[in-house]
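Asks: Each chain, letter by letter, is given below.
Number of protein chains: 2
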Amino acid sequence: MRLLKKVAVIGVGLIGGSLALAIKKRKLADKVVGTSRHRKNLLLAKRAGAIDEGSQDIGIIRGADLVIIAVPVNAVLKLAPKIAKIIGPGCIVSDVASTKQEIVMKLDKVFPRYVGAHPMAGSEKRGIANSDDKMFNDSTCILTPTLKTDKKALAKIEKLWSCLGAKVITMPASVHDKALSFVSHLPHIVAFSLINTVPVQYLKFASSGLRDTTRIAASDSEIWNDIFLTNRGNVLAAIGLIQKNLASIKKAIASGNSNSLDRILKTAKKKRDSL
Amino acid sequence: MRLLKKVAVIGVGLIGGSLALAIKKRKLADKVVGTSRHRKNLLLAKRAGAIDEGSQDIGIIRGADLVIIAVPVNAVLKLAPKIAKIIGPGCIVSDVASTKQEIVMKLDKVFPRYVGAHPMAGSEKRGIANSDDKMFNDSTCILTPTLKTDKKALAKIEKLWSCLGAKVITMPASVHDKALSFVSHLPHIVAFSLINTVPVQYLKFASSGLRDTTRIAASDSEIWNDIFLTNRGNVLAAIGLIQKNLASIKKAIASGNSNSLDRILKTAKKKRDSL
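Chains as they are written, first to last, in the numbering used here: chain A, 1 to 275; chain B, 276 to 550.
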């Protein structure tokens, strides 16, 4: 017997499309259906073999035993009540959003069997055209259950991500959001700010250093707008800390304090080498 | 006839070692000799086929028609007078330092035939063990001649870097240092500051975003200490600009100004996509 009967993926973009494709390739569900704002994405998803059926009408999710919401954070919050009206009481609902506290708090109230998830995979690219059924191989998927989370639903979502090749870890949504503000959200803020600082006329001298530090600045603005605003407190605190570190290195350079500068650079190198 | 008779490379580290190796592999000189502070590096360089002879005694450079100084900026300034006492009047002297204004100003006075050069290649790794004779293939080498620069010496250095596969461009040292403060020095400062900001307990959640933005934070502290301090004015100005950009994005997030945030992120994406 397969793990799931009917899986519905809301939003067949980079992550949703890859997830649908991975479920199909590994035959984890009898049927996978998808929805999208754009008809073209559904055609592409079907052609790629990611979904059996697609529709712009959310009614297509009816009868699913698992609904995975894979749209930007703000859209998740808007869609939730509509989804709740369509699905049956036994249906498990999960998501793939990059911030969890706000979403988990709200969706826990809307759905009786909700499990928050954040597969830490993807890239600065977007859309079903860049989907990859091996995207979650050797990745980490963080689940953020609450006291209210249904144990069987949690076990099934854990099983799903394990089957897709991910290492599954669980933590409270608040811990997730704080950790991610440092290892993901702040690097994006830094990359956006750095590329915006480089005068256009010097871009032609860019070498691998600038390219690597700013790769993620090519990320989608809609997705990151939502992430920053739904993890506002943690993100602001993390920006505050890097502002202090920038001020320290600036001070060491301005005063020609080679010893202090050396300590800063050596600490950084040691930490980066440990990654 | 070969381009050069005897080439002496002062400092057979990552760049100096790769340069010596590339000259040997392409048979651009009759003989390549090297010096190093460490005997071990000379043995490694000789074993790698980068040099014909090596010595910790700088006297080995005697009779060279080209001396290339490939040590950190401060060491360049200390070594220059010693080198000047040994070489003949026709010997061309060049370097590979990442900042040019201070070095060019000083070496132009010390050597009659000096040409400032900055091959934009290398990595966060260090030492002869990481050398690569193809390092300069498809790279850019910036030359920074002055009004005093000997035209024939300049032509020979241009020829050398072209033969090593680099695209050669020339500009005043002041323009070089300003451009590099943005496309190289600031990204390093940002990478050092970013990794120093991430609490150790969250490093285990790092994905490709943090890894890429901080790769160059593993760079050598001695080299970067020198670079920052010998390009102080430009580096401080560049830090000042990214501090403004960080303050802007922080303000947009704090006030929940989604439109302003969207503009910042879209500008960044467009600029990064153009790289």
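You may find that some hints are simply not true.
Said to hold, decoys possible - Derived lysine-lysine pairs resembling DSSO-like cross-links, with alpha carbons at most 27 angstroms apart:
1) B/LYS545 - A/LYS204
2) A/LYS40 - B/LYS315
3) A/LYS266 - B/LYS353
4) A/LYS204 - B/LYS315
5) A/LYS271 - B/LYS299
6) B/LYS545 - A/LYS270
7) A/LYS244 - B/LYS381
8) B/LYS479 - A/LYS156
9) B/LYS400 - A/LYS78
10) B/LYS280 - A/LYS204
11) B/LYS544 - A/LYS204
12) B/LYS434 - A/LYS271
13) A/LYS134 - B/LYS315
14) A/LYS159 - B/LYS479
15) B/LYS315 - A/LYS266
16) B/LYS381 - A/LYS250
17) B/LYS353 - A/LYS251
18) A/LYS244 - B/LYS315
19) A/LYS269 - B/LYS306
20) B/LYS306 - B/LYS519
21) A/LYS271 - B/LYS525
As the list claims (entries may be wrong) - Some but not every residue of chain B turned toward chain A, in silico, with C-beta under 8 angstroms:
22) LYS384
23) VAL385
24) PHE480
25) ILE491
26) ILE517
27) LYS544
To be verified - Residues from chain A that keep clear of chain B, each with C-beta distances beyond 12 angstroms, as calculated:
28) LYS5
29) LYS27
30) ASN74
31) LYS85
32) ASP150
33) PHE192
34) PRO199
35) LYS204
36) ALA206
37) LYS244
38) ALA252
39) ASN259
Hints listed in this document are in silico derivations from the structure and should not be mistaken for laboratory results. Positions of the beta carbon are idealized from the N, C-alpha and C atoms, including for glycine.
Asks: The structure should be examined with respect to each hint, and the outcome stated for every one.
Replies: Cross-check of the supplied hints:
1. Only pairs whose Cα atoms come within 27 angstroms are accepted, and B/LYS545 paired with A/LYS204 is accepted, the gap being roughly 15 angstroms.
2. Our distance criterion of 27 angstroms between C-alpha atoms is broken by A/LYS40 and B/LYS315, whose separation comes to about 62 angstroms.
3. Among the hinted pairs, A/LYS266 with B/LYS353 is consistent with the structure: their alpha-carbon atoms are about 24 angstroms apart, no more than 27 angstroms.
4. With a C-alpha separation of about 38 angstroms, the suggested pair A/LYS204 and B/LYS315 falls outside the 27 angstroms cut-off, and the hint is violated.
5. For the suggested pair A/LYS271 and B/LYS299, the alpha carbons sit about 37 angstroms apart, so the restraint of at most 27 angstroms is broken.
6. Taking the CA atoms of B/LYS545 and A/LYS270, the gap is about 34 angstroms. The hint is violated against a cut of 27 angstroms.
7. In summary, the hint linking A/LYS244 to B/LYS381 is not supported, as the alpha carbons are separated by about 35 angstroms, beyond the 27 angstroms threshold.
8. Taking the CA atoms of B/LYS479 and A/LYS156, the gap is near 25 angstroms; set against the 27 angstroms cutoff, the hint holds.
9. For the given pair, B/LYS400 sits about 48 angstroms from A/LYS78 by alpha-carbon distance, which is inconsistent with the 27 angstroms threshold.
10. With a C-alpha separation of about 35 angstroms, the suggested pairing of B/LYS280 with A/LYS204 is violated against the 27 angstroms cut-off.
11. This hinted pair checks out: B/LYS544 and A/LYS204 have alpha carbons roughly 16 angstroms apart, not beyond 27 angstroms.
12. Pair hint B/LYS434 plus A/LYS271 does not hold up; C-alpha atoms about 41 angstroms apart against a cutoff of 27 angstroms.
13. Distance check on the hinted pair: A/LYS134 and B/LYS315 sit about 45 angstroms apart at the alpha-carbon level, beyond 27 angstroms; violated.
14. Restraint check for A/LYS159 and B/LYS479: satisfied, since their Cα atoms lie roughly 22 angstroms apart, inside the 27 angstroms limit.
15. With a C-alpha separation of about 23 angstroms, the suggested pairing of B/LYS315 with A/LYS266 holds against the 27 angstroms cut-off.
16. A distance of roughly 26 angstroms separates the Cα atoms of B/LYS381 and A/LYS250; the hinted pair therefore holds under the 27 angstroms criterion.
17. Taking the CA atoms of B/LYS353 and A/LYS251, the gap is near 26 angstroms; set against the 27 angstroms cutoff, the hint holds.
18. Under the criterion of a C-alpha separation no larger than 27 angstroms, the hint pairing A/LYS244 with B/LYS315 is inconsistent with the structure, at around 41 angstroms.
19. Distance hint between A/LYS269 and B/LYS306 is unfulfilled; the C-alpha atoms sit about 37 angstroms from each other, more than 27 angstroms.
20. Our distance criterion of 27 angstroms between C-alpha atoms is broken by B/LYS306 and B/LYS519, whose separation comes to about 52 angstroms.
21. A C-alpha spacing of about 26 angstroms is found between A/LYS271 and B/LYS525, which places the hinted pair at or below 27 angstroms, so the restraint holds.
22. Checking B/LYS384 against chain A: minimum C-beta separation of about 23 angstroms lies over 8 angstroms; hint violated.
23. Taking 8 angstroms as the C-beta cut-off, the interface hint given for B/VAL385 is violated, the closest approach to chain A being about 23 angstroms.
24. Contact between B/PHE480 and chain A, as hinted, is supported at the beta carbon level, the nearest pair being about 5 angstroms apart and thus within 8 angstroms.
25. Annotation: B/ILE491 was flagged as interfacial toward chain A, and the flag holds, the nearest CB pair being 5 angstroms apart, inside 8 angstroms.
26. Interface restraint check for B/ILE517: the shortest CB-CB distance to chain A comes to about 4 angstroms, inside 8 angstroms, so the restraint holds.
27. The interface hint given for B/LYS544 holds, since its Cβ lies 5 angstroms from the closest Cβ of chain A, which is under the 8 angstroms cut-off.
28. Listed as outside the interface, A/LYS5 is consistent with that label: its C-beta sits roughly 32 angstroms from the nearest C-beta of chain B, beyond the 12 angstroms cut-off.
29. For A/LYS27, the non-interface assignment is confirmed: its Cβ lies about 28 angstroms from the closest Cβ of chain B, beyond the 12 angstroms cut-off.
30. Its closest Cβ contact with chain B, about 9 angstroms, brings A/ASN74 to no more than 12 angstroms, contrary to its assignment away from the interface.
31. The claim that A/LYS85 lies off the interface holds: its Cβ sits roughly 28 angstroms from the closest Cβ of chain B, which is beyond the 12 angstroms cut-off.
32. Even its closest Cβ contact with chain B, about 26 angstroms, leaves A/ASP150 beyond 12 angstroms, as expected for a residue assigned away from the interface.
33. A beta-carbon of chain B comes within 12 angstroms of the beta-carbon of A/PHE192; the shortest separation is about 4 angstroms.
34. At roughly 6 angstroms from the closest C-beta of chain B, the C-beta of A/PRO199 falls inside 12 angstroms, breaking its exclusion from the interface.
35. Its beta-carbon lying about 9 angstroms from the closest one in chain B, A/LYS204 breaks the requirement of being farther than 12 angstroms from that chain.
36. A Cβ of chain B approaches the Cβ of A/ALA206 within 12 angstroms, the least distance being about 5 angstroms, so the stated non-interface status is violated.
37. A cut-off of 12 angstroms between C-beta atoms contradicts the statement that A/LYS244 is not in contact with chain B; the least separation is 8 angstroms.
38. Listed as a non-interface residue, A/ALA252 fails to keep its Cβ farther than 12 angstroms from every Cβ of chain B; the least gap is roughly 8 angstroms.
39. For A/ASN259, the non-interface assignment is contradicted: its Cβ lies about 9 angstroms from the closest Cβ of chain B, within the 12 angstroms cut-off.
Comparing the model with each numbered hint stated earlier shows that hints 2, 4, 5, 6, 7, 9, 10, 12, 13, 18, 19, 20, 22, 23, 30, 33, 34, 35, 36, 37, 38 and 39 do not hold.
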